[in-house]
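J.: One-letter residues, chain by chain:
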Amino acid sequence: MSLIGKQILLYVFLPLLVGFLIYFFFRPGYWFIQLIDKREPLIALDKLSTIEKVFIFSGADFCWAFSFSSALFLWEKKQDRRFSFLPILILLILVGSEFIQRINGSGFTLDWYDVFAVVIAFCLTLVLIRRKYEKK
Amino acid sequence: MKKSKVVVLALVLFFYAGLYLATTKKDVCITGDCEKIFLVTEALRNAKSYVYSANRCTYRQGSDTLCIFVKDTTGVNWNALADTACLVAQDKGLLQQKIFIIKADHFPNDTVARKVCP
Numbered sequence: 004m005s006l007i008g009k010q011i012l013l014y015v016f017l018p019l020l021v022g023f024l025i026y027f028f029f030r031p032g033y034w035f036i037q038l039i040d041k042r043e044p045l046i047a048l049d050k051l052s053t054i055e056k057v058f059i060f061s062g063a064d065f066c067w068a069f070s071f072s073s074a075l076f077l078w079e080k081k082q083d084r085r086f087s088f089l090p091i092l093i094l095l096i097l098v099g100s101e102f103i104q105r106i107n108g109s110g111f112t113l114d115w116y117d118v119f120a121v122v123i124a125f126c127l128t129l130v131l132i133r134r135k136y137e138k139k
Numbered sequence: 116m117k118k119s120k121v122v123v124l125a126l127v128l129f130f131y132a133g134l135y136l137a138t139t140k141k142d143v144c145i146t147g148d149c150e151k152i153f154l155v156t157e158a159l160r161n162a163k164s165y166v167y168s169a170n171r172c173t174y175r176q177g178s179d180t181l182c183i184f185v186k187d188t189t190g191v192n193w194n195a196l197a198d199t200a201c202l203v204a205q206d207k208g209l210l211q212q213k214i215f216i217i218k219a220d221h222f223p224n225d226t227v228a229r230k231v232c233p
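Going down the list, the sequences are from chains A and B. Heads up, the first sequence is in my numbering, so the first residue is 4 and it goes up one at a time. Heads up, the second sequence is in my numbering, so the first residue is 116 and it goes up one at a time.
Keep in mind that a hint or two might mislead.
[To be verified] Derived pair list, reagent style DSBU-like, types lysine-lysine, alpha-carbon separation capped at 30 Å: (1) K135/A / K230/B; (2) K117/B / K56/A; (3) K151/B / K135/A; (4) K56/A / K118/B; (5) K81/A / K117/B; (6) K81/A / K120/B; (7) K151/B / K80/A; (8) K230/B / K80/A; (9) K120/B / K56/A; (10) K9/A / K186/B; (11) K218/B / K135/A; (12) K218/B / K151/B; (13) K230/B / K151/B.
Rather than coming from a laboratory, the hints here were simulated on the basis of the structure. Here the structure is a predicted model, which means the values were calculated and not measured.
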């Protein structure tokens, strides 16, 4: 497999899989999990510690943000030129996607832990992917 | 930039937009408990501008907890809001609920009032 193929697998699809598993095992109330398996959660969320809750609720956001940033940085890597606005655009989309939930009526799920998780994910991809190929 | 590269970028963005929508939007509320919660949210939001939403505090089926997420607003009597939430919940068929009023803007979220509805 080519280097870019390995990177897509590692940075894009693996985080998505981990995020899906978090939903599958801990948050089965979502419709796309109900399509596969109609069941109750394996654990009572009100009995979890804060760290466990952060993992379950913000872990999936971290995974999708990491995957999303990686996909766009890897796409940029394949181009002939660099887009200086891309990191800002990605960060805006990630943070904006959390804040837009404020105006989303009963679907409101804004959580500061989620915002923190997506920013950390973005910073990680910036260091792991973009900084690396910028140096080359 | 080649056309194919733009197509790849568009596909990537579409894929993640779909993923975002799938994980943001919860169950479709047309029946049962979910519909009642939706109605409570609508009623509270219409009555009080500082109410964001009402949700079950846990995903466990048969839960009797109602978390009311509110904007951090000064001069609001949160206990009175909990009383109002009780009345609205009862009106929508949710009896003997445990109400939690939570400031959503705080990090971590701050519970400002609790009430067990009769």
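J.: Is it true that the CA of K9/A sits at most 30 Å from the CA of K186/B?
T.: Outside the cut-off at roughly 45 Å; violated.
J.: Straight-line Cα separation of K120/B and K56/A no greater than 30 Å?
T.: This hinted pair is violated, its Cα atoms lying about 39 Å apart.
J.: Could you grab the alpha-carbon distance between K81/A and K120/B and see if it respects the 30 Å cut-off?
T.: 9 Å, holds
J.: Given the hinted pair K151/B and K80/A, is their alpha-carbon gap at most 30 Å?
T.: 49 Å, violated
J.: What's the verdict on K230/B and K151/B, does the C-alpha distance respect the 30 Å limit or exceed it?
T.: 19 Å, holds
J.: Do the alpha carbons of K117/B and K56/A lie within 30 Å of each other, as the hint requires?
T.: 44 Å, violated
J.: Please verify whether K218/B and K151/B have alpha carbons no more than 30 Å apart.
T.: Measuring from Cα to Cα gives roughly 22 Å; hence the hint holds.
J.: For a C-alpha distance cap of 30 Å, please report whether K151/B and K135/A respect it.
T.: 52 Å, violated
J.: Given the proposed pairing of K81/A with K117/B, does the C-alpha separation stay at or below 30 Å?
T.: At roughly 11 Å apart (the allowed maximum being 30 Å), K117/B and K81/A satisfy the hint.
J.: Going straight from one Cα to the other, do K135/A and K230/B come out at no more than 30 Å?
T.: 54 Å, violated
J.: For a C-alpha distance cap of 30 Å, please report whether K56/A and K118/B respect it.
T.: Answer violated: K56/A to K118/B is near 44 Å, above 30 Å.
J.: Run the distance test for K218/B versus K135/A: straight-line Cα separation, threshold 30 Å.
T.: The given pair, whose Cα atoms are some 41 Å apart, is violated under the 30 Å limit.
Hint check: violations occur at hints 1, 2, 3, 4, 7, 8, 9, 10 and 11; the rest are consistent with the structure.
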